[in-house]
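Engineer: One-letter residues, chain by chain:
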Amino acid sequence: MKKQKKLAGLQKRKAIAGYMFILPFIVGFLAFMIQPMAQSLYMSFCDVQVGAGSFSPQFKGIVNYVRAFTLDAEFNRLLTEEISRMCINSLAIMVFSFFVALILNQKFKGRALVRAIFFLPVILSSGVIIGVETDNKLMASIQDAIGQTASSGISITGAIEEILQTAGIGTRAFSKVFEIVDGIYDVAIASGIQIIIFLSGLQTISQSMYEAADIEGCTAWESLWKITFPMISSLFVVNWIYTIVDFCMRTDNEVIKKISEEITIQINYGFASAMSWIYFGVVILIIGISSLIISKGVYYYE
Amino acid sequence: MSDAAVKMEKESFWERNRKSSGYLLKKMTRQTVYKIIRAFLLFGMCFLILQPILNKISVSFMEERDLYNNTIISVPEHFTTQNYFLAADLMDYGKTLINTIGVSLTIALLQIAVCTLVGYGFARFEFPLKKMWFVCVLLVIIVPPQTISTSLYLHFRYFDIFGIIGAIRGEGINLRGSKLPYYLMSAGCMGLKNGLYIYMIRQFFRNIPKELEEAAYVDGCGIFSTFARIMLPDATPILTSCFLFSFVWEWTDSFYAKMFMGNTRLLARELSMIADRVNQYVSLVVGDRTGASVAYTSCMISTGMLMVIVPLLILYLFAQKGFVESISSSGIKM
Numbered sequence: 002m003k004k005q006k007k008l009a010g011l012q013k014r015k016a017i018a019g020y021m022f023i024l025p026f027i028v029g030f031l032a033f034m035i036q037p038m039a040q041s042l043y044m045s046f047c048d049v050q051v052g053a054g055s056f057s058p059q060f061k062g063i064v065n066y067v068r069a070f071t072l073d074a075e076f077n078r079l080l081t082e083e084i085s086r087m088c089i090n091s092l093a094i095m096v097f098s099f100f101v102a103l104i105l106n107q108k109f110k111g112r113a114l115v116r117a118i119f120f121l122p123v124i125l126s127s128g129v130i131i132g133v134e135t136d137n138k139l140m141a142s143i144q145d146a147i148g149q150t151a152s153s154g155i156s157i158t159g160a161i162e163e164i165l166q167t168a169g170i171g172t173r174a175f176s177k178v179f180e181i182v183d184g185i186y187d188v189a190i191a192s193g194i195q196i197i198i199f200l201s202g203l204q205t206i207s208q209s210m211y212e213a214a215d216i217e218g219c220t221a222w223e224s225l226w227k228i229t230f231p232m233i234s235s236l237f238v239v240n241w242i243y244t245i246v247d248f249c250m251r252t253d254n255e256v257i258k259k260i261s262e263e264i265t266i267q268i269n270y271g272f273a274s275a276m277s278w279i280y281f282g283v284v285i286l287i288i289g290i291s292s293l294i295i296s297k298g299v300y301y302y303e
Numbered sequence: 113m114s115d116a117a118v119k120m121e122k123e124s125f126w127e128r129n130r131k132s133s134g135y136l137l138k139k140m141t142r143q144t145v146y147k148i149i150r151a152f153l154l155f156g157m158c159f160l161i162l163q164p165i166l167n168k169i170s171v172s173f174m175e176e177r178d179l180y181n182n183t184i185i186s187v188p189e190h191f192t193t194q195n196y197f198l199a200a201d202l203m204d205y206g207k208t209l210i211n212t213i214g215v216s217l218t219i220a221l222l223q224i225a226v227c228t229l230v231g232y233g234f235a236r237f238e239f240p241l242k243k244m245w246f247v248c249v250l251l252v253i254i255v256p257p258q259t260i261s262t263s264l265y266l267h268f269r270y271f272d273i274f275g276i277i278g279a280i281r282g283e284g285i286n287l288r289g290s291k292l293p294y295y296l297m298s299a300g301c302m303g304l305k306n307g308l309y310i311y312m313i314r315q316f317f318r319n320i321p322k323e324l325e326e327a328a329y330v331d332g333c334g335i336f337s338t339f340a341r342i343m344l345p346d347a348t349p350i351l352t353s354c355f356l357f358s359f360v361w362e363w364t365d366s367f368y369a370k371m372f373m374g375n376t377r378l379l380a381r382e383l384s385m386i387a388d389r390v391n392q393y394v395s396l397v398v399g400d401r402t403g404a405s406v407a408y409t410s411c412m413i414s415t416g417m418l419m420v421i422v423p424l425l426i427l428y429l430f431a432q433k434g435f436v437e438s439i440s441s442s443g444i445k446m
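Line by line, the protein sequences give chains V and P.
Note that the first sequence covers residues 2 to 303 in this note's numbering.
Note that the second sequence covers residues 113 to 446 in this note's numbering.
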């Protein structure tokens, strides 16, 4: 009896210690997440007047949401464009980072150097740099337009593109593929962290499994699908979510640009929060549905 | 037996190939072809990633007239370092650099310290509502900060802690433009990508065997000293990686910087404004009414960007293992 009580005491002490450890998170979460989220949700239903020293929201119902969907000229177009760009890009990033991780996990000369180069984008694609980069692209395209008359028809991909386009079968699908091929730089530069996560997963697979499969007559291609794929399938969920979230945070995201313009230039907080809630809702929906689908296929070892 | 083995080794490749009825040759060719294809692929992709930087480097050493010359692609004809001096002038480089180092360093340290505590708490203790709080961590990862940016903006414009300050002063304090809000947020694990750090650190601590902890308890270590003296030294690799990530992302972040640190000159912000500055400079100082040309502005942006990332590249060269190897080779189960 006495021992039981002591054990309960230890458990209680550990529980309290646990709470002490995560206390900063709880405080931060309540103060800087829940409160602003609730406030922003409330503001999205309001007409917010900002005066000197205070701001006064007036409840107006779903006016802001109606405005976003029906009145605003840009929002619908930007939203659908960004969402479809996000889905296609994320898929490309997943495939790319998975295969790069597979290659980087093999042994070859200069592996350390190649790895170092592949993770460079973690630095290069973060924050302001990618935003400046897109501005730069605008200028590059202007320069291209000027220079194009001088040098057209040299590129191999351009030629292949034209041949396939004229074949007339699945033109739309082809054009999507070419979009990704043209944007391979964007894909490569956005997949640094995903490669690291996949690599760390590949390290956990024990080598003896491959050996056993090899002895049983399994080819490398088969063991890729039968061993590697199931063993790190749980990482696909992690990476998929990370990729989508990362895409939402990028500064070259048109929807985000519009929202922050609404805040800093138009000073229309209500409308801006309504738009960001719509965007957030759509993204959450996509994350939820897609990770449910992916996690159906996840295989858990142990 | 050993005789046979020695004989095997001495046999020529073709001999062995004949004995395996062609299998060996097939295997060798397949491997060599695969290696060549892989080398091509890797080289191509590495070039893809490095090319923009190389391009920027070459452009940043060009004079303006070189930019219009079609025959000049990568090697400048009129070599100049003038662009760098101008960019340094426009960004107030020395002062901004010191500011940026200070802010990134302190924020990264603060964030990682707090995230380590929280991650450890989630990994090693059982307490009621643990699942719910962990879902909250996931929520923090998922919610884009832009969603709550409007109200955070107002939150710190009229800052108040549960209405206490408002009761005394009649209105909240305007914290916009000071650094305090961001430090407060970092202390509460709500900075840039902090959810991700908590998640990674937790995954790491979960993999440490329980026996280690129990042995420490038996030997009379308290809960906190177990954490500080047994667990922390083990976690150095993951903590350095997280710290480096945090430092780098803080360095290049413009979203939070724009929101909270309006008065502090940081590299990321200066870089995003450099195009306008060049325009002003050209129209005011040089006296050209039309402002800077498109090509020259883009050249200055390249130069400025190089100057922003050069410190990071140097850091990356030295701490490459911390960025890459410690996570990827420790085999953390995500």
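Treat the hints with care, as some may be off.
Claimed, not checked - Listed next, with one range per pair, are the computed distances between beta-carbon atoms:
1) P:377 / V:227: 54 to 60 angstroms
2) P:402 / V:104: 46 to 52 angstroms
3) P:180 / V:104: 55 to 61 angstroms
4) P:149 / V:215: 47 to 53 angstroms
5) P:170 / V:70: 56 to 62 angstroms
6) V:220 / P:163: 33 to 39 angstroms
7) V:210 / P:164: 36 to 42 angstroms
8) P:240 / V:103: 18 to 24 angstroms
9) V:70 / P:377: 36 to 42 angstroms
Stated by the list, open to error - For lysine to aspartate or glutamate, the following DMTMM-like pairs were computed, each having C-alpha atoms within a straight-line distance of at most 20 angstroms:
10) V:15 / P:388
11) V:177 / V:82
12) V:15 / P:238
No lab work stands behind these hints, which were simulated from the structure alone.
Where is the CB? At the ideal position from N, CA and C, for every residue including glycine.
Engineer: Against this structure, judge whether each hint is valid.
Structural biologist: Hint check results:
1. Between residue 377 (chain P) and residue 227 (chain V) the beta carbons are some 56 angstroms apart, a value that agrees with the proposed interval 54 to 60 angstroms.
2. About 50 angstroms separates the C-beta atoms of residue 402 (chain P) and residue 104 (chain V), a value consistent with the hinted range of 46 to 52 angstroms.
3. Distance hint check for residue 180 (chain P) and residue 104 (chain V): the Cβ-Cβ separation is about 41 angstroms, which falls outside the suggested range of 55 to 61 angstroms.
4. Checked against the given bound of 47 to 53 angstroms, the beta carbons of residue 149 (chain P) and residue 215 (chain V), roughly 21 angstroms apart, lie outside it.
5. Separation of residue 170 (chain P) from residue 70 (chain V) is about 48 angstroms and departs from the stated range, judged on CB atoms against 56 to 62 angstroms.
6. For the hinted restraint 33 to 39 angstroms between residue 220 (chain V) and residue 163 (chain P), the CB-CB distance of approximately 36 angstroms keeps it satisfied.
7. For residue 210 (chain V) and residue 164 (chain P), the hinted distance range of 36 to 42 angstroms is satisfied, since their beta carbons lie about 40 angstroms from each other.
8. Between residue 240 (chain P) and residue 103 (chain V), the C-beta spacing of about 43 angstroms breaks the proposed range 18 to 24 angstroms.
9. At roughly 40 angstroms, the beta-carbon separation of residue 70 (chain V) and residue 377 (chain P) lies within the given 36 to 42 angstroms, and the hint holds.
10. Only pairs whose Cα atoms come within 20 angstroms are accepted, and residue 15 (chain V) paired with residue 388 (chain P) is rejected, the gap being roughly 57 angstroms.
11. Simply put, residue 177 (chain V) and residue 82 (chain V) have alpha-carbon atoms about 13 angstroms apart, close enough for the 20 angstroms limit, and the pair holds.
12. Proximity of residue 15 (chain V) to residue 238 (chain P) is assessed by CA-CA distance (about 7 angstroms); at most 20 angstroms being required, the pair is judged to hold.
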